[in-house]
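Input sequences plus hints: build the corresponding full structure.
In terms of this note's numbering, the sequence shown is residues 1 to 255.
The hints are simulated quantities; they were obtained by calculation from the structure and are not laboratory data. Built from N, CA and C at the ideal position, the CB exists for glycine as well. One or more hints might be untrue.
Said to hold, decoys possible - With beta-carbon atoms standing in for the labels, derived distance ranges:
1. Ser176 / His228: 37 to 47 Å
2. Thr103 / Arg56: 23 to 33 Å
3. Val132 / Val247: 36 to 46 Å
4. Asp146 / Arg56: 29 to 39 Å
To be verified - Derived lysine to any residue pairs resembling SDA-like cross-links, with alpha carbons at most 25 Å apart:
5. Lys185 / Ile202
6. Lys185 / Leu214
7. Lys59 / Leu88
8. Lys59 / Val115
9. Lys59 / Ala77
10. Lys185 / Ala77
11. Lys185 / Lys59
12. Lys185 / Asp12
13. Lys185 / Pro11
14. Lys59 / Leu214
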Amino acid sequence: MQDLPESVTEPDGCAVVRVLSYNIRSMRDDEAALARVIRACRPDVVCVQEAPRFFRWRKAAARLAHASGLVYVAGGATASGPMILSSLRAHVERTEDILLPRTPGLHQRGFSTAVLRFGGARLGVLSCHLSVNDRERYGQGRLLLDRLSALGVPYAMVGGDFNDRPDGRTFGLLASALQDGWATKPWGREHTTRLGDPLQRIDAIFATRGVEVLGCGVPMGLHGVVEHDLRTATDHLPVLAALRVPVNSPAGNGA
1 MQDLPESVTE PDGCAVVRVL SYNIRSMRDD EAALARVIRA CRPDVVCVQE APRFFRWRKA
61 AARLAHASGL VYVAGGATAS GPMILSSLRA HVERTEDILL PRTPGLHQRG FSTAVLRFGG
121 ARLGVLSCHL SVNDRERYGQ GRLLLDRLSA LGVPYAMVGG DFNDRPDGRT FGLLASALQD
181 GWATKPWGRE HTTRLGDPLQ RIDAIFATRG VEVLGCGVPM GLHGVVEHDL RTATDHLPVL
241 AALRVPVNSP AGNGA
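In structure tokens, the structure reads:
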């Protein structure tokens with residue numbers, strides 16, 4: 001399979017950024033395989049779901065970041081699971097973790113957010129893991145769009161486990177306001193459930209208008225991504241995208 005474009009700052013100042021979204025099931029599976037998959041994807045940014053969030057969670061997050069050749073940016077227990085890692089290429093301007101309103105009897109959910117700069121290009125990042133309950137999930141989708149706007153930057157992306165399929169109403173809400181990476185520029189494999197499980201696409205990467213999606217999908221067959229590692233690292237498959245982020249704000253946007 002042909003690789004996605006490499007990370008680069010182009011002559012016109014645009015930045016090509018490789019972004020990975022990955023549900024890692026609290027690192028309860030094969031940590032070495034997990035780190036190998038992440039390293040092979042060569043991401044600039046990783047939106048993690050189900051990061052460790054209980055006893056010594058910070059040490060676990062630091063261990064994964066180090067093993068993957070990345071650094072911790074935000075999230076984990078402070079966002080009730082979502083987390084952001086990045087390469088040293090990214091300059092972290094600011095971060096914020098948000099806990100969402102909770103429905104009694106359901107898990108606490110949250111967002112991990114950051115604004116990262118790649119040369120002159122700024123990219124808002126949001127990592128999320130939405131509810132299994134349809135009503136709560138739809139409300140969280142609306143809050144996600146509000147939070148993305150509140151980042152105050154013209155270009156942003158979302159990586160997450162949405163617990164919803166493309167024909168679902170929350171997925172549809174997000175796809176109507178943002179670019180669905182796979183639908184915009186499909187690359188690799190579509191479905192994100194673990195190999196051998198029923199085929200579903202419940203994990204995705206979205207981007208705001210103005211970000212150019214150069215390719216997005218599950219990196220099956222990518223050099224260095226081994227099927228055995230994908231099977232043993234966690235119970236989801238990762239989603240990888242290459243995004244071209246402009247430098248200048250759109251006309252009329254003061255961000």
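Hint by hint, here is what the structure shows:
1. Ser176 / His228: 37 to 47 Å: holds, 38 Å
2. Thr103 / Arg56: 23 to 33 Å: Holds, since Thr103 and Arg56 (Cβ atoms, about 29 Å apart) stay within the stated range.
3. Val132 / Val247: 36 to 46 Å: holds, 39 Å
4. Asp146 / Arg56: 29 to 39 Å: holds, 33 Å
5. Lys185 / Ile202: holds, 17 Å
6. Lys185 / Leu214: holds, 6 Å
7. Lys59 / Leu88: Answer holds: Lys59 to Leu88 is near 19 Å, not above 25 Å.
8. Lys59 / Val115: Within the cut-off at roughly 24 Å; holds.
9. Lys59 / Ala77: Answer holds: Lys59 to Ala77 is near 12 Å, not above 25 Å.
10. Lys185 / Ala77: violated, 33 Å
11. Lys185 / Lys59: violated, 37 Å
12. Lys185 / Asp12: Status holds; Cα separation ~22 Å.
13. Lys185 / Pro11: holds, 23 Å
14. Lys59 / Leu214: Not OK: Lys59 and Leu214 at ~35 Å, beyond 25 Å, violated.
The structure fails hints 10, 11, 14 (numbered hints given earlier, in ascending order).
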